[in-house]
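The chain contents come next:
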Amino acid sequence: MVKELGAPVIVCEDVHKWYGDFHALRGVNTTVREGEVVVILGPSGSGKSTWIRTLNRLEEHQRGRIIVHGTELNNDVRNIQEIRREVGMVFQQFNLFPHLTVLENITLAPIQVRKWSRDRAEEEGMKQLTRVKIPEQASKYPGQLSGGQQQRVAIARALAMQPKIMLFDEPTSALDPEMIKEVLDVMQDLANDGMTILAVTHEMGFARNVADRVIFFDEGNIVEENKPNTFFSNPREERSKLFLQQILHH
Amino acid sequence: MTTITQIKNDPALDDWQPLDIGGWLRRDVFGTVWHILFAIILVGTNLLVIQATFNAAPVELSFTLAPNGNIGTVGNIILALTNGAFLTSLVLLLWIVGAGVVIWGVVRHKLSGPIQWLKDSMYTGFFGALTTLFLLILIVFATRGLLAWGLFGANFSTNPDAVAILRDVTPGAVWGIVGANMKLFAVGRYPYDAVWRVWVSLAIVIVLSTLSLFAWSLGSPLKKYRPWLVYAWLASMPITLLLLYGIPGTDTGIMMTVRTNLWGGFLLTVVIAVLGIVLSFPIGLSLALGRRSEAKGVPMLWLMGGGIVFLLLYWMTGGYPTESATFNLPIIFRDPPLYPVTLTVWQNTTLQAFAVLGVLWLVGYYLNGNLIKTFCIGYIELIRGVPLITVLFMANVMLPIFLPKEIEIDNLFRVVVGVILFSAAYLAENVRGGLQSIPKGQYEAAMAVGLSTSQSMRLIILPQALRAVIPALVGEFIGLFKDTSLVSIVGLFDLLKIAQTVIAQPDWLGLQRETYVFIAFIYWIFCFAMAAVSIRIEKNLGVGQY
Ligand SMILES: Nc1ncnc2c1ncn2[C@@H]1O[C@H](COP(=O)(O)OP(=O)(O)OP(=O)(O)O)[C@@H](O)[C@H]1O
Ligand SMILES: [Mg+2]
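So the protein sequences, as listed, match chains A and B.
For the first sequence, the working numbering begins at 1 and goes up steadily by one.
For the second sequence, the working numbering begins at 1001 and goes up steadily by one.
Please keep in mind that the hints were generated in silico from the structure rather than gathered at the bench.
Watch out, some of these pointers could steer you wrong.
Below are the SDA-like pairs computed for lysine to any residue, each with C-alpha atoms no more than 25 Å apart in a straight line [unchecked claim]:
1) B:K1223 to B:K1539
2) B:K1440 to A:S49
3) B:K1440 to A:K227
Sample of chain B residues facing chain A (criterion: CB under 7 Å; computed from the structure) [unchecked claim]:
4) P1227
5) S1437
6) G1441
7) E1444
8) A1448
9) P1463
10) A1529
Ideal Cβ positions, reconstructed from N, Cα and C, are used throughout, including at glycine.
Extracted from the complex, chain B is given alone in its bound form:
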């Protein structure tokens, strides 16, 4: 019985079709043909790469390793180790040994941890093994090239004359441009006499960071000093700024003023980034809370009353138009494109009244008078709608136009304010995302046990919301750090701008590569450190644990 049913249900018999040519082509012919083709291509590429690297030209050595062309002992060892034939054979040998180990393990049905890893990630099937070989050789030779340029063939002398003599016989990098300009890269044109103040600031930050790392690791004995560390951090900001700037108005002495136009390089980049991050965070937080606020609207009567009071005050304090005024309205398709409109006193007054009361009416009618929310939405969407560079130009070029001539605001200050205002809008949206992820029940439970609105925000909602968005916030901060490179466009000498001036020095002309590699490395180290700290914070807070 069973057998009969089974045979009857056998799809091969049941769905028998005269000729499934399409399926046969797809399954058997092309399936195999493509595989074969792919295998041929992979094997072929591997052969080509192996052959090319086997015959690769030897690395060239700098004057230090080969004075006057005589290769010293160290030079000879390097030549032997970086020899194309040697490296290629070594990689091949390792690859074959690895394959052997995996096959041996599979045959004996015994895969220890490392061998299992090898099998899963390096020798996943035939194609995987071939790709491993291909990538291994590429990586090894890319590293060899980088070392040959940056180390074996490089000239490290910081003496421009010595470098110039050897320039033609130096096959690799000329790192002297970095070494000789270290001070510029670090602090820009900050005066030598005051550089110690930068060091002291740095020391403060390093000490605090180290203490914090200890205090915030799990089960630390320093746990009870955490609040003090927070206060110390808050105090460190004005202290370091004072150290860097000096006492305003003093031109001599150890605390003489160093105007911000002399700040530069890495110092400036860090100052902008840190001030931007630290100060934009509370603003972003407030914006996010404001955007979600459901403050019961200001009644229309109050809005209109406030508008009228504002208008009266404005008119009484000199804003009232005393004579007819002419405005030039820009008109498209006209030549000249300006259309003068003359408004009498009455027309002008009416226009002003309509403008103010009309805006307030819109707010009252469409947004139930929630002014806070309206402002936050308007601000966030305005800032998110323009690029940072526009905000910086606004701060730098446009702001002075609106201000009286006598008031002159520090360039760095304007740029920092621009960066803060910009990044606050993005932070606000990140934080709002976190706030939205908190279920309604949390608010209700907090209310039900009697917490006030601010207590439940501070103790229940924000700790959870911020925890949820740590990765996004750190991403924002890293972005901000890198975006500081834009300030070079508005005339600040940050790390990138310093690099450009260094390249233009007559002593070191034409050394872009070394300079840009160096500052890229600096940027990378810092962004990587931020990411690492964020991972640590997440671990300590136990994100995703509950």
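Same shape as in the complex, but just chain A:
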């Protein structure tokens, strides 16, 4: 099956980022197309999180251009707000709001940001909860759920804003093995529905089976990008080979 990819939705041109003196991103160039599923790999500290977080301005880049969905990320707060409406994000530590119920977690942003009525937001929220297969947990508090359930609520929370792009930063790294699958299944469903996905993950199975492209990061820049099959069976760069050897040995 060959997937039809749409127009470019994320364009990065020579993106640089410094933390004080530390040069964390060193001129990242890439384009992500609509409906594409991109998995980002790379050793620890290589800048994967930093890069993915510059895409919705959780981190500010200092040089270069980032254009998301036709809007350039700059210091204009309206642009930032606009982009954050279109980009959902899922964190390693879930970051649910502990003082709100599951449904309130999900409906908060649609009501406050999209200005939907409560009824409409709740209807949409229940739809997303059904999509991640836990509609029965709607009135519980996050603290009463398992890790896998919490991460699925976090996905539903991001989806309720009806984003065009979903960013995942190691969504399964804080989970027990038996819960990883339920989260990956949800992500796979999303990919099948045609969502544009950027995911930092160490789940090689997901990268092989679901991704359209693998981006390999090292020392703050993209070292290699390729189709998953080619990348895993026949990596071009020396550093990619080394990295693959290390993780495959585990």
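With chain A held as given, fit chain B with the ligands onto it using these hints.
Frame of chain A; chain B with the ligands shown alone:
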């Protein structure tokens, strides 16, 4: 095989030492000796206390219970029940029965709930049981003494003449001083004709409190009226103040002005405390947010430009020194200790310019121009560095010096402002503690779903941060309520000051004890109520549930 290894590993054989005298002394001799000594002391004290209470003098009865020394029926019953021998025997008997029940339960290996509690908290071992006996007797006799003074031997008449006649034969408290001065304690010198307005204010508060208690209990049918109640509370503040003060400028009629120098007693204490609590909270909140603000600095150029504009404006509006001025600098180790310095116009101008621009430069250089943060830190640390009494003196004595003579600010108003400014600094630090306890991920998640900064503060961060610090905030409020007693030093007639004037009344001279016990009781009731409400709020908000 096993046996041999076991024997070999037996520490007693392995670590055999010729003579562990120290250990033997520590473990066997002194361990036991100290225990024995301690037991002897405990038993001895118990015996002494039992003997003393057994022979305790009978309680003395007031004239009401024993007119002309003839003890009536009620008096006789009281005497019988408070008899030292009777009370001591009763406590001993109860203690023995309790011990028996516990021992019986232990022997039968069956401990029901209450017996388990008895065993765990009252009869924890030999020493625990003896301590229980000791404390029981102390508590029973302390209560007996308190009742004897405050009730059985007390005189409740509010007629000063009747009290004076009986004064010598009254063994206990003379509560008349409280009863006869109830109005003073309640509202101070507030005019009689207008006291009904205090009652109406009180009624408003009571009605609103009751409704709120219902509306904020879990699963209440009044839940949807909560916002209205909040508005009602907000409106109740100016309404009650208007009721208490009257319509400004009217000297007659039902809404005549009652100047604040006539407010006093409990009314004044509550007004200061409530205004202090309600108004210092938003200020404290803003200070806490300001202290954490990371507003990107004002560029140095703007700072300097602003400074120059300020200086020019200041000089053009009459601040420019037109002639040389002489200042008296205080100098230590000189007599007289003042050193006159004369500055020419130019020197004076330069000094002013350096002072203003220098401060702004410091702010720009060291604090990246974050003026809000600088101001908040400066304010909080300044206020926290001085005692409340200093702030009150500042408000009361110093403020008029800085203001033109014509402007006269109400004394109560000044004090309330002082209290608000003081307590805001402490609240700010409490709130900041709560803000710091919120993990970074919460801010990031709020931003990632598209909430604006103010939305994420209002909906995500503050609800969690404030919840976390409810106990600290309530502690602050209780402290504030009690600190209102300091305003008596700057001439306001709060509850404590009223108590002092009441004690000085010729009719009731020498009755400090009754008065102070009474106002202590009032303070306690209110602080306790605040603590109780806080526990209720915490429960309803489910603090610690998630
Ligand atoms: N807030 C920060 N301040 C300073 N340095 C930072 C900050 N965040 C990240 N860094 C540094 O930037 C580099 C890239 O970090 P990043 O979190 O993007 O790595 P990563 O590829 O996501 O690694 P991991 O797989 O461990 O999550 C690291 O060397 C890290 O130490
Ligand atoms: Mg990372």
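Hints and how they fare:
Our distance criterion of 25 Å between C-alpha atoms is met by B:K1223 and B:K1539, whose separation comes to about 16 Å. Under the criterion of a C-alpha separation no larger than 25 Å, the hint pairing B:K1440 with A:S49 is consistent with the structure, at around 15 Å. For the hint pairing B:K1440 with A:K227, the CA-to-CA distance comes to about 35 Å; that exceeds 25 Å, so the pair is violated. Interface restraint check for B:P1227: the shortest CB-CB distance to chain A comes to about 15 Å, outside 7 Å, so the restraint is violated.
For B:S1437, the shortest C-beta to C-beta distance to chain A is roughly 12 Å, which exceeds 7 Å, and the interface hint is violated. Checking B:G1441 against chain A by beta carbon gives a least distance of about 4 Å; that is within 7 Å, so the hint holds. Hint status for B:E1444: holds, given a least beta-carbon distance of 6 Å to chain A, under 7 Å. The closest approach between the C-beta of B:A1448 and any C-beta of chain A is roughly 4 Å, which is under the 7 Å cut-off, so the hint is satisfied.
Satisfaction of the interface hint for B:P1463 is found here, the shortest Cβ-Cβ separation to chain A being roughly 5 Å, below the 7 Å cut-off. Interface hint at B:A1529: violated, since its Cβ lies 27 Å from the closest Cβ of chain A, which is beyond the 7 Å cut-off.
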